[in-house]
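Numbers given in our numbering equal positions in the sequence shown, counted from 1, plus 5.
FYI, nobody ran anything at the bench for these hints, they're computed from the structure.
Wrong hints could be hidden among the right ones.
[What the hints assert, rightly or not] Computed list of lysine to any residue pairs in SDA-like fashion (alpha-carbon distance at most 20 Å, straight line):
#1 497 <-> 364
#2 245 <-> 222
#3 780 <-> 660
#4 497 <-> 630
#5 780 <-> 863
#6 780 <-> 308
#7 506 <-> 269
#8 139 <-> 150
#9 497 <-> 514
#10 505 <-> 374
#11 569 <-> 918
#12 344 <-> 637
#13 780 <-> 882
#14 497 <-> 629
#15 780 <-> 680
#16 245 <-> 213
#17 660 <-> 334
#18 683 <-> 328
#19 747 <-> 96
#20 505 <-> 373
#21 497 <-> 344
#22 506 <-> 267
[To be verified] Here are the in silico distance ranges between beta carbons for each label pair:
#23 93 <-> 859: 48 to 56 Å
#24 859 <-> 789: 39 to 47 Å
#25 367 <-> 715: 19 to 27 Å
#26 620 <-> 745: 18 to 26 Å
#27 148 <-> 745: 50 to 58 Å
#28 313 <-> 628: 40 to 48 Å
#29 373 <-> 837: 26 to 34 Å
#30 400 <-> 647: 15 to 23 Å
Where a beta carbon is used, it is the ideal one built from N, C-alpha and C, also for glycine.
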Amino acid sequence: MRRPTARMRTVVATGLFALGAALLSPLAPAAAAADPVPLPIADYCGNQCSDILPPGQNGNATLAQILLHKAFGTMPAHASDQLARYDSLVAGYPGLTDAKINDFFNTASFGVPADQVESTTSPRPDVTITRDKKTGVPHIKGTTRYGTSFGAGYAAAQDRLWQMDLFRHVGRGDLTPFAGGALANQGLEQQFWPQAPYTETDLQAQVDRIRTTEGERGRLAMEDAQAYVDGINLYRTQSKNGRYFPGEYVLTGHIDSITNAGEIQPFKITDLIALASVVGGLFGGGGGGEVQAALSLLAAQQRYGLEEGTRVWESFRQRDDPEAVLTVHDGTSFPYAQKPANPQGTALPDAGSVVAERLVYDRTGAATAQEAADPPKPVKQSMSNALLVSGAHTASGHPVAVFGPQTGYLAPQLLMLQELQGPGISARGASFAGVSMYVQLGRGQDYAWSATSAGQDITDTFAVELCEPGGQAPTQAGAHYLYRGTCTPMEKLERTNAWKKSVADPTPDGSYRMQVWRTHYGIVTHRATVAGTPVAYAALRSTYRHEADSIIGFQMLNDPSYVKDARTFQQAAEHIGYAFNWFYADSREAAYYNSGSNPVRAPGVDASLPVHARQQYEWQAFDPAANTAAYTPPAEHPRSIGQDYYISWNNKQAKDYGAAGFGMGAVHRGDLLDRRVKALVAAGGVTRAKLTQAMAEAAVTDLRAENLLPELLAVLRSAPVTDPAVSAAADRLAAWQASGAKRKESAQGSRTYAHADAVRIMDAWWPLLIEAEFKPGLGAPLYDALRASLTVDEAPNAGHGPTGSHAGSAFQYGWWSYADEDLRRVLGRPVADPPSQVYCGGGSLPACRDAVAATLKQAAAATPAAVYPADGTCAAGHQWCADSIVQRPVGGLAHPQINWQNRPTYQQVTEFAAHR
C-alpha cells in the first residue's frame, strides 16, 4: 500500500513538519481499564445493528504522534482502524451474508462487553466514558442529564478538539488568522462566512431565542449545550496542562512546545451556533441560484424568442418531470414550489447588467497573489443515500434499512461516533463534532433513523430597489434600499483577517478584509438593473438566524419516551428546520419525512426566479427581525409510513414537490438504487446482506454506462458502423455495459480496473458528446448559461465537478436526463413530457449518429494521461488513482487512498427483532 503523503492538504495547508526531537511533547496518558459499563437492558436490535465511519474514531494527535507519523508512518490508536473495513466492501460485497456483515461494519449494539473494554474515564462522578478495544468509540453513561451532556462534550474534545476549533473559526469567518493563509483556508472562510455572517450579538440572540421561545425543551436544550461546552473546556484545560493536547496547536504557533506558553481559547455556546451554520450550509440548505437561473432564461429567450425560449428553459429546469425517480412512489401528491400559472413579481435583470457582489477588499502580502483571487471553495453538499424495505418483503418480516449520510472524506471526519445513555437520552450513532450533545443519525432502543440532503427550495432571491436617503438618483453601488416604502440603510458586516506563516502553513504573511451587505431580505449577492432601475439581489434562507433551532428535533429523536413509533418519529423530525429527508425503521414499520422550514410564498411568486422585494411578494407573515415567516404545515411535507420500499439519493421526493435545482429528470443516480431495490422487493425475502449488496453494487456502477449507453449504442448502430476505430470502441463499451458497468478493480488490490479501456473511453467521451449534441442547437451563450446552472459531468475523477476529485460522491450533477430524453426522441421512443426541441443532429437520426460516432472516435484516441492528468495525489494516466478516495487531512495525519465508492461516509445496517 502506498505510503500516505507527508503534506497537510486542504484546511491546514501544505507545510512539512520538520521539528527536532527537542520539540516532542508527551503522549496522551492511557486511561486504565475499570469496571465496564453494564450492557443496557433496553436494546431491541438483537445484534443486528451495525455501522461504520472511516477512517477512525480518534481524530486527535499530539505533536509527538504527528512527528512519528511523518517520520515512520505510525498512527495513534483508533485513528485509521475503520478505513480498511470500509474499503474492503468493494471487493467483498458479492459474497456478503448476514453473518459476514460485521466483517465490513462495527457492531452498533449498546454497551461494551466486559472483555472488550479498553478504557474508562470519569471526568465527573456522574458520568463514565467507556471505550471499546476494537474501535475506541466512547460509550457515555450518565446518572444525571448534566453529567451525560458533560461527558459528550468531554469525549468530543478527546476525539476532535483541533477539528472543532478549526470549524468554529470557519463558521465565524476567521479561519486564516487561526490556521494560516493557505488558499484552501481562504476558500473556506470566503465560502461560508458570506452565507451566514453574524455578529456576536446575532449568535447570542439565537441562543436566547431557543431558550425563551421553545418551551421546556428549549430550556433543556440550552442546559444540555452548556453542559456539553463545560465538558469540552475541562478536557481543553486538562490536555493543555498535561501537554497531551493536539499537536497542531504547536505547529500553527498557538502554543510553545518548550514552555507550554499559549492558550487554547475556551469554547462557548455561541461557538455551537457558528459550527451549526457550517453543517447546515453544507448539507441542509436548498434553493438559491435564482440569479443564474434568470440569466439562463434570458439567454434562452434571446435564442428562441420569449415564448419558445421559456419553453426551452423549462425543459432544462425540469421542475416536475413525470419520469423522475421518487422517494414517495405511491402517487401521493405534495404540491410545493411549483411553476405558477400567472407569475407575479418576477424581477429579471436587464441583459448585461448583472455584476456579482465583491467580497474581498484591501489585500496585502500573500493575499495579493494571482492564485488568491479565486481560491478553491467547497460547495453545498447534496449527498447521502438510504434504502429501506418494509417487513412484508423481508425474510424476517421486520423492516431492513441500509442508510447514511455522505459527508465527504476528511481526516478526521466531520462526524464522530458515540453512545449516549442518561436521563431522557438513549442513542448510539454519529454526530457532527462540536455539536454532538445528541446523536444526530443513529439508533435508539428499538428504532434507527438517518437522513439525506433534501435540497428543496428554502432560499429565495429578492431584488431590493436601491435608493439614496437624500432623494438623489440611485446607482448600482448604493448602500440604501427601499423597505416597505422607506429608504433604509444596508448593514455592513466585515471581517479583517491577517495571518502569519507557521510550521504547519508556510504561506507568507498576508491579510484582507471581507465585507457583505445585509438587508431585511438577506445578504446581497449581485447588483443589476431591472427595467432600468438599480437593484441589489439579496439571498434569504429561511433558516438564517435559526442555525441551531433544529436542536429540538434532535433532542426528541434521542428521547426514548418521545419516539415510540413511526408517527412520533415524524413528529420529532417536524422540528428540524433544515432541508433533509429523514428515514426510520423499527421492528414493525419503515417511514419517511421531509423536514425543512418551507416558507409560504405569496400567490403567483415563482420560487425559481428572483422576485421584487415588495411587501406583496414577501413570504407570508414575514418578520425580518428574527427572520420568521409562515411555513408550510407538516401535512404538506412529503411523508409516508409503510410504503413497500424507500430509496433516496438526493432525488426528487414526491409528485408535485418542485425541484429546487436543475437536473431532476428521467435519469438520476437514484435510479441505481431504485431498480435494484425494486427487484429485491419483487423477489421477496430481503435480508440485511441483500440490501447492503444492492447499495454496494450501485456504489461502484457508472450511471452513464448503465442508463445512457444502451441508447447511445442504439443510435450508433442504427446503421452499419464502418469505421474500425469506432466499431472497436463501441464493442468495448457494450461489453462493459453487459458486465454491469462497474468501475471496479480486476482483482482486489490490483489498482487496475476491469474494462479499463471502456471506462477511459466513457470518461473522455461524455463531455465531448454533450457538447456535440447540444451546443449547435442551443448556441454557445445559452449552452454556457445552462452549464453554469448544472455541470455537464460528475464522474468520480471529474476534478472540475462540484465535489472535486477524490471525493467519492459522483453522478449527482450532470446532463444525464437531458441526453436521455433527447436521444429517445431521435430514436422515436416515447418521452412522457418531451422537450419542445430536439438537439442531437437537429432531430435527424443520421446526423445524430454522425455526431455520436465522431466524438466516440475522438474519445477512443485520447490517451490515459490526457483523460487522467496528474494531480497532487496521482501520476498522469493512473485511472484507479484518479478515481480513488482521499481522506483529506484537516490536521497532521494522512491516510492511505481507498477504492472509489459512491457510498455514505457513515453508514448503518439495521434490522430490529423486537419493540418495546
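Broken hints, numbered, in rising order? Going through the list in order, the structure violates hints 2, 3, 8, 9, 13, 15, 16, 21, 23, 24, 25, 26, 29 and respects the others.
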